[in-house]
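J.: Each chain, letter by letter, is given below.
Number of protein chains: 2
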Amino acid sequence: MPRASVREQIVDAAFEQFHRHGYNACGVKLITDSAGVPKGSFYNHFESKEALALVVMDRYGETRHLEKLQTPKTAPLTRLRHHFDALAQDIVDFGYERGCVYGNFSTEAADHIPAIREGVKTAFDLWGNAIAAVIREAQDAGDVTNTQSPETLARFLLNSWEGAIVGERAAKDGSSFAAFFTVAFEVVLH
Amino acid sequence: MPRASVREQIVDAAFEQFHRHGYNACGVKLITDSAGVPKGSFYNHFESKEALALVVMDRYGETRHLEKLQTPKTAPLTRLRHHFDALAQDIVDFGYERGCVYGNFSTEAADHIPAIREGVKTAFDLWGNAIAAVIREAQDAGDVTNTQSPETLARFLLNSWEGAIVGERAAKDGSSFAAFFTVAFEVVLH
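Note that the protein sequences, when read in sequence, are chains A and B.
Position 151 (the first sequence) corresponds to 533 in our numbering; numbering is contiguous.
Position 18 (the second sequence) corresponds to 400 in our numbering; numbering is contiguous.
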C-alpha cells in the first residue's frame, strides 16, 4: 500500500486535532506533530491554518451521514430519523465530547475569520436544503401535517441539533438528545 | 465616585474579552491589558483564568433576562416570548457576533476543564428550570395543549436557542432567529 502523501497525513491529523481541540487551541505545530511531519512542510501544502480548516470542513461534510437522507424505498421521516440517529451515535461514541466541527468553527472562529464563517454558512445551507427536501416529501405524503415551510422547519431542526450538542457537552447524560428526538419527531414533525 | 477595585476592573474586562474572543483565545494578559492593570496583579485576586471564568459566568447569568420570565400580570407565553426577544436583541446589537457565554464555554472548554463544564451545566439547569416553570403555567392555563413534560420542552427550547445562535454566527441574516420564533411559539408551544 502506498504511503499517504504528506498532504494527506496533514489533513488526517488536522481533522482529528481540530475536532478534539477546536480551532483556536489547535495550532499548526500540534497538527504537524500529530501528523509526524516537520512543521516546515506545512506551508508547502497549505497557505495557512485557515486554508487547512476549510479542507477539513469539506472532509467533515463527507462524514455527516447525508446519504441516509436518500436511502431508497424508505419513508421520508424514517430517513430523517436515521440521519439524526447516526449523528447522535457519533457523538455518543466520543463520550459526548468534540461536538460538531461546523458548530465549533461557527462558535470559535466565524466572528473573526470571514472564510471560516462563509464555509460554515455554506455547509449549514447544503445540510439544511437536504433536510428540507425530505420534509417536503413527508408533507407531500401527508406524513407531516405541519404547514410551516420545509426550509423553516429544516433550519430550525438543524439549529436545534447543534444546540442539543452544546447541551450534551455540558451535561453528558443524553437528556438533550432525548429532548431533541422527542420534540423534533413527535411535535415539530407532527 | 470611588474607583472600581482592581478585582472589579479585572472581572469587567474579562466579561467583555471572554465574550468577544471565547475562552481559549482570551489569555490572562489580554484581560489585564484590557483592564489597565498589571498582569502580576491578576493572581492576587484569582487563582487561575478558569476561576475567573466561573465568576464571569455568574455575572453573565445576571444579564440573561430571567426576570422577564416572572413579570407579574403577564400571560406565561408572553413572558417567555419577551425573554427570548430580549436575548435575541442582545445578539442583534452585537451584529450577530459574540454568541452566548454559556454556549461558547460549553463548546470550547467543557471537554477539557471539569469546573467549566460543571458551571455551564448548572447554568443551563437553572435556566431550563425557569423556562419549565413558565411552560407548566401555560399548560395549566390551557395556553399550551402539547402534553410533553415542561422539563423536556424547556430543555429542547433552551438548546434550540443556543443552536439558533450558532446558526446566526455563520449566516448573520436573522433567518435562524426567525425560524426559532416561528417554530418554538407556533408549533412547539401550540
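Please note: incorrect hints may appear among the correct ones.
Straight line, CA to CA, 27 Å or less: simulated DSSO-like cross-link-like pairs of lysine-lysine [claimed, not checked]:
| hint | chain 1 | residue 1 | chain 2 | residue 2 |
| --- | --- | --- | --- | --- |
| 1 | B | Lys-421 | B | Lys-503 |
| 2 | B | Lys-431 | A | Lys-411 |
| 3 | A | Lys-431 | A | Lys-411 |
| 4 | A | Lys-503 | B | Lys-450 |
| 5 | B | Lys-554 | B | Lys-455 |
| 6 | A | Lys-411 | B | Lys-554 |
| 7 | A | Lys-450 | A | Lys-554 |
| 8 | A | Lys-450 | A | Lys-411 |
| 9 | B | Lys-450 | B | Lys-503 |
| 10 | A | Lys-431 | B | Lys-455 |
| 11 | A | Lys-431 | A | Lys-421 |
| 12 | A | Lys-431 | B | Lys-450 |
| 13 | A | Lys-455 | A | Lys-411 |
| 14 | B | Lys-421 | B | Lys-411 |
| 15 | A | Lys-421 | A | Lys-411 |
| 16 | B | Lys-411 | B | Lys-431 |
| 17 | B | Lys-421 | B | Lys-431 |
| 18 | B | Lys-503 | A | Lys-554 |
| 19 | B | Lys-431 | A | Lys-431 |
| 20 | B | Lys-421 | A | Lys-554 |
None of these hints come from the bench; they were simulated from the model.
J.: For every hint, state whether the structure bears it out.
T.: Quick rundown of the hints versus the structure:
no.: 1; hint: B:Lys-421 x B:Lys-503; result: violated (30 Å)
no.: 2; hint: B:Lys-431 x A:Lys-411; result: holds (24 Å)
no.: 3; hint: A:Lys-431 x A:Lys-411; result: holds (10 Å)
no.: 4; hint: A:Lys-503 x B:Lys-450; result: violated (32 Å)
no.: 5; hint: B:Lys-554 x B:Lys-455; result: violated (35 Å)
no.: 6; hint: A:Lys-411 x B:Lys-554; result: violated (32 Å)
no.: 7; hint: A:Lys-450 x A:Lys-554; result: holds (26 Å)
no.: 8; hint: A:Lys-450 x A:Lys-411; result: violated (36 Å)
no.: 9; hint: B:Lys-450 x B:Lys-503; result: holds (22 Å)
no.: 10; hint: A:Lys-431 x B:Lys-455; result: violated (54 Å)
no.: 11; hint: A:Lys-431 x A:Lys-421; result: holds (12 Å)
no.: 12; hint: A:Lys-431 x B:Lys-450; result: violated (43 Å)
no.: 13; hint: A:Lys-455 x A:Lys-411; result: violated (48 Å)
no.: 14; hint: B:Lys-421 x B:Lys-411; result: holds (6 Å)
no.: 15; hint: A:Lys-421 x A:Lys-411; result: holds (6 Å)
no.: 16; hint: B:Lys-411 x B:Lys-431; result: holds (10 Å)
no.: 17; hint: B:Lys-421 x B:Lys-431; result: holds (12 Å)
no.: 18; hint: B:Lys-503 x A:Lys-554; result: holds (9 Å)
no.: 19; hint: B:Lys-431 x A:Lys-431; result: holds (26 Å)
no.: 20; hint: B:Lys-421 x A:Lys-554; result: violated (36 Å)
Checked against the numbered hints given earlier, the structure breaks hints 1, 4, 5, 6, 8, 10, 12, 13 and 20 and satisfies all the rest.
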